[in-house]
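Student: Protein sequences, first through last, are from chains A and B. Position in the first sequence (first residue = 1) + 14 = the working numbering. Position in the second sequence (first residue = 1) + 234 = the working numbering.
Please keep in mind that the hints were generated in silico from the structure rather than gathered at the bench. Errors might be hidden in some of the hints.
[As the list claims (entries may be wrong)] Only part of the chain B face toward chain A is listed, based on derived beta-carbon distances under 7 angstroms:
(1) Pro263
(2) Asn266
(3) Arg276
(4) Gly277
(5) Ser280
(6) Ile283
(7) Ala320
(8) Ile323
(9) Phe337
[Stated by the list, open to error] Some chain A residues well away from chain B (every beta-carbon gap over 10 angstroms; in silico):
(10) Ile26
(11) Gly42
(12) His43
(13) Asp71
(14) Ser80
(15) Asp88
(16) Thr115
[Said to hold, decoys possible] To give an idea of the interface, some chain A residues facing chain B are shown, with a C-beta separation under 10 angstroms as derived from the structure:
(17) Ala34
(18) Trp36
(19) Gln51
(20) Leu59
(21) Asn66
(22) Cys106
Each residue gets a CB set at the ideal place from its N, CA and C atoms; glycine is no exception.
If you want the building blocks of each chain, they are given just below.
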Amino acid sequence: EAGVAQSPRYKIIEKRQSVAFWCNPISGHATLYWYQQILGQGPKLLIQFQNNGVVDDSQLPKDRFSAERLKGVDSTLKIQPAKLEDSAVYLCASSFNQGATEAFFGQGTRLTVV
Amino acid sequence: KNQVEQSPQSLIILEGKNCTLQCNYTVSPFSNLRWYKQDTGRGPVSLTIMTFSENTKSNGRYTATLDADTKQSSLHITASQLSDSASYICVVSAQTNAGKSTFGDGTTLTVKP
Chain A
15 EAGVAQSPRY KIIEKRQSVA FWCNPISGHA TLYWYQQILG QGPKLLIQFQ
65 NNGVVDDSQL PKDRFSAERL KGVDSTLKIQ PAKLEDSAVY LCASSFNQGA
115 TEAFFGQGTR LTVV
Chain B
235 KNQVEQSPQS LIILEGKNCT LQCNYTVSPF SNLRWYKQDT GRGPVSLTIM
285 TFSENTKSNG RYTATLDADT KQSSLHITAS QLSDSASYIC VVSAQTNAGK
335 STFGDGTTLT VKP
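Sequences and hints are given; from them, build the entire structure.
Tutor: Here it is as C-alpha cells:
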C-alpha cells in the first residue's frame, strides 16, 4: 500500500513569510497527525485529526499555525508569519483510528527559516 | 506529567557488536510502547509494538523488552550493521486521551566499520 505522502520535502523561507505543507495519509486512515521535530529531539504533536474533526490541538501555536483537513482525507499545515524558531522537520503521520497501536509516518518537510 | 526518557543520548559502536538502548516512562495508564527507527532525513519507521501483556518482541536483529512494573523498556540490537546507524525513538501511549502518545528524544546510534 502507498505510504504517507508529504510535500514539499524541503523549504527555505525568510522570517515573517508564510509557508504551507501538504499531507496525504494512507488510504482509509481516519486519524492524521502533524508533528514538529526540532533537531536532536523527538517529534512533538501539533495537532491530531479524527476524520475532519480536531481531536487535540493543545500544542499548536494558534497565533501563527493553522491546519485543516476539510474532507477528512488530505491535510494542510500553515505557518504565518514564520519565526526563526520554526525551523524544524514537520512530520505527518496517520493511523487507522485514534488509539490504534501503529502510526505510519511520512518523510517529513524540512523547513529552514532564515 | 507523562514523560519518556531515553538513554544514552548517543552511542558509537563497531560493526558486528551488540548494543542496548534504554527507555524509562511515566505514562499512565499504559496502553502500548513502540520503538521506531529514524534514518537521517526520513520519517520514523516502526520496529516493535508491545502491549501490557507482552514482555518481549523481536523483529530480526532487534529485540525489545518491556517491564511494566518498573516502567522500563530496552531495545537490543544484535550483530550491528552500518545501516543500523540512525536515531531510535521510544514512544509510549496512554489508554486515555484518545491514545495520546509521548515521544522520547531518541538515542542516536552510530555504527562504525
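Student: Decide, hint by hint, whether the structure agrees.
Tutor: Going through the hints against the structure:
The interface hint given for Pro263 of chain B is violated, since its Cβ lies 13 angstroms from the closest Cβ of chain A, which is over the 7 angstroms cut-off. Annotation: Asn266 of chain B was flagged as interfacial toward chain A, and the flag holds, the nearest CB pair being 5 angstroms apart, inside 7 angstroms. Proximity of Arg276 of chain B to chain A holds as hinted, the smallest CB-CB distance being about 6 angstroms (cut-off 7 angstroms). Taking 7 angstroms as the C-beta cut-off, the interface hint given for Gly277 of chain B holds, the closest approach to chain A being about 3 angstroms.
For Ser280 of chain B, the shortest C-beta to C-beta distance to chain A is roughly 6 angstroms, which falls under 7 angstroms, so the interface hint holds. Checking Ile283 of chain B against chain A: minimum C-beta separation of about 5 angstroms stays under 7 angstroms; hint holds. Proximity of Ala320 of chain B to chain A is violated relative to the hint, the smallest CB-CB distance being about 13 angstroms (cut-off 7 angstroms). At its closest, the beta carbon of Ile323 of chain B sits 5 angstroms from a beta carbon of chain A; the interface hint therefore holds under the 7 angstroms criterion.
For Phe337 of chain B, the suggested interface contact is upheld, since its CB lies about 4 angstroms from the closest CB of chain A, less than 7 angstroms. With a least beta-carbon separation of about 15 angstroms from chain B, Ile26 of chain A lies farther than 10 angstroms from that chain, consistent with its non-interface assignment. Chain B leaves Gly42 of chain A outside its interface by the beta-carbon criterion, the shortest separation being 18 angstroms against a cut-off of 10 angstroms. Taking the minimum C-beta to C-beta distance to chain B, about 14 angstroms, the non-interface status of His43 of chain A holds against the 10 angstroms cut.
Distance check on Asp71 of chain A: its Cβ is at least 12 angstroms (rounded) from any Cβ of chain B, clearing the 10 angstroms threshold; non-interface status holds. With a cut of 10 angstroms on Cβ distances, Ser80 of chain A stays outside the contact zone with chain B, its closest approach being about 21 angstroms. Against chain B, the non-interface label of Asp88 of chain A holds: every CB pair exceeds 10 angstroms, the least being about 17 angstroms. For Thr115 of chain A, the shortest C-beta to C-beta distance to chain B comes to about 5 angstroms, within the 10 angstroms cut-off, and the non-interface label is violated.
Look at Ala34 of chain A: its Cβ only gets to about 19 angstroms from chain B, farther than 10 angstroms, so that hint breaks. Because the smallest distance between the Cβ of Trp36 of chain A and any Cβ of chain B comes to about 15 angstroms, over 10 angstroms, the interface hint for this residue is violated. Against a cut-off of 10 angstroms between C-beta atoms, the interface hint on Gln51 of chain A holds, since the closest Cβ of chain B lies about 9 angstroms away. Interface restraint check for Leu59 of chain A: the shortest CB-CB distance to chain B comes to about 7 angstroms, inside 10 angstroms, so the restraint holds.
Interface restraint check: Asn66 of chain A against chain B, minimum CB-CB distance 16 angstroms, threshold 10 angstroms, status violated. For Cys106 of chain A, the suggested interface contact is upheld, since its CB lies about 8 angstroms from the closest CB of chain B, less than 10 angstroms.
Going through the hint list in order, the structure does not satisfy hints 1, 7, 16, 17, 18, 21.
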